[in-house]
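**Student:** Build out the structure end to end from the sequences listed, making use of the hints.
Residue numbers (numbering that gives the first Met the number 0), protein chains in the order written: chain C, 0 to 187; chain D, 0 to 187.
Please keep in mind that the hints were generated in silico from the structure rather than gathered at the bench.
Where a beta carbon is used, it is the ideal one built from N, C-alpha and C, also for glycine.
Since no wrong hints were added, every one of them can be taken at face value.
Okay, derived cross-link-like pairs now, BS3-like style, lysine-lysine, Cα gap no bigger than 30 Å in a straight line: (1) K87/D to K110/D; (2) K15/C to K87/C; (3) K121/D to K121/C; (4) K121/D to K110/D; (5) K110/C to K121/D; (6) K121/D to K81/D; (7) K110/C to K87/C; (8) K110/D to K121/C; (9) K81/D to K110/C; (10) K81/C to K110/D; (11) K87/C to K121/C.
Simulated coverage check for chain D against chain C, where a stretch passes if three residues somewhere in it have a Cβ under 8 Å from a Cβ of chain C: (12) 32-40; (13) 149-159; (14) 173-180.
Number of protein chains: 2
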Amino acid sequence: MGSTSLAIIHYPVLDKRGDIVSTSINNLEMHDVARSCMTFGLDVCYIVTPLDRQRAIAEQLVDHWRSGYGRRYNPDRAEALKKISIRKALGDVMADFDGLRPVVIGTSSRKRDVSIGYNELKRWIASDPRPFLLLFGTGWGLPPDIVRSCERTLLPINGPGDYNHLSLRVAIGIILDRLFGVRGGPDE
Amino acid sequence: MGSTSLAIIHYPVLDKRGDIVSTSINNLEMHDVARSCMTFGLDVCYIVTPLDRQRAIAEQLVDHWRSGYGRRYNPDRAEALKKISIRKALGDVMADFDGLRPVVIGTSSRKRDVSIGYNELKRWIASDPRPFLLLFGTGWGLPPDIVRSCERTLLPINGPGDYNHLSLRVAIGIILDRLFGVRGGPDE
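**Tutor:** The following block contains the structure:
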């Protein structure tokens, strides 16, 4: 069994006027995702954005909680935020596995041809020594070229109805629980 | 099978100087939880705080997204926020079930004597016509007197390690997924 990491991809798009529109990295989201990664034993939580200013803000936030006042205020948060690593592009993340090529698994709110179930992926991770990298897109999801580059895509999370507009941080928590949550007997 | 609702209890405490300290209701959290309730088919998402000003802010936020500019900006959010109902005390929530007494289930980050597993509760909800009410505490969790009044308490969410400091909105998403998530065959 290798390690598993995740990457949240912020992918700016151009609007009609040619301006760059991007989802933004926010403090609350970084905390939530770092705490989920810590709870479910993920190796690294990459946050990826090509926007220099966004990366600078994210680094500053992480520093505040990891070593500034935030560390004294809430040491549990400081510990979780050690999981966060800010990168410019997915290529930088891929180069971060000591020369190994991770198995890249995408996520999506709809079913795709190459979809894989949670228990199937759980068994795969347990039996494959390679590192795994789970990709999550913000806003409108992962861009098509990144989806095409994934080996498989996890099945969407569904409830009893048609509505599935979970927030990204909640969806990440649910997916990590399905893959790495520790439950006891059949009643749990 | 009856309906299931949840209530998030904000429980102010007095600090050493006698000042009231309370967790605050925030816009992002209301959205996240409303979207999770909508996805997993919950009936009502109650937000409970005795602080008048907090309730007023929460009502204003919900109105903005349900009928103000937010509705035009993002109709999916407007739909989800219909699930939110703001109340002053747990007693007001309990009076909201058309004269029926709901089965009250607590949640906690540690195991208790009256803990119940997820699959056990899932079967109970499916076979009992009474409404169910899941209680969640903010900050330091549910106050002891409310915990004692619960019929059972759900087992904590655990990952492979000792760290379990999930954010409340993520924990709620995971718990609703475990109880109401729709998954296909054994591979899913």
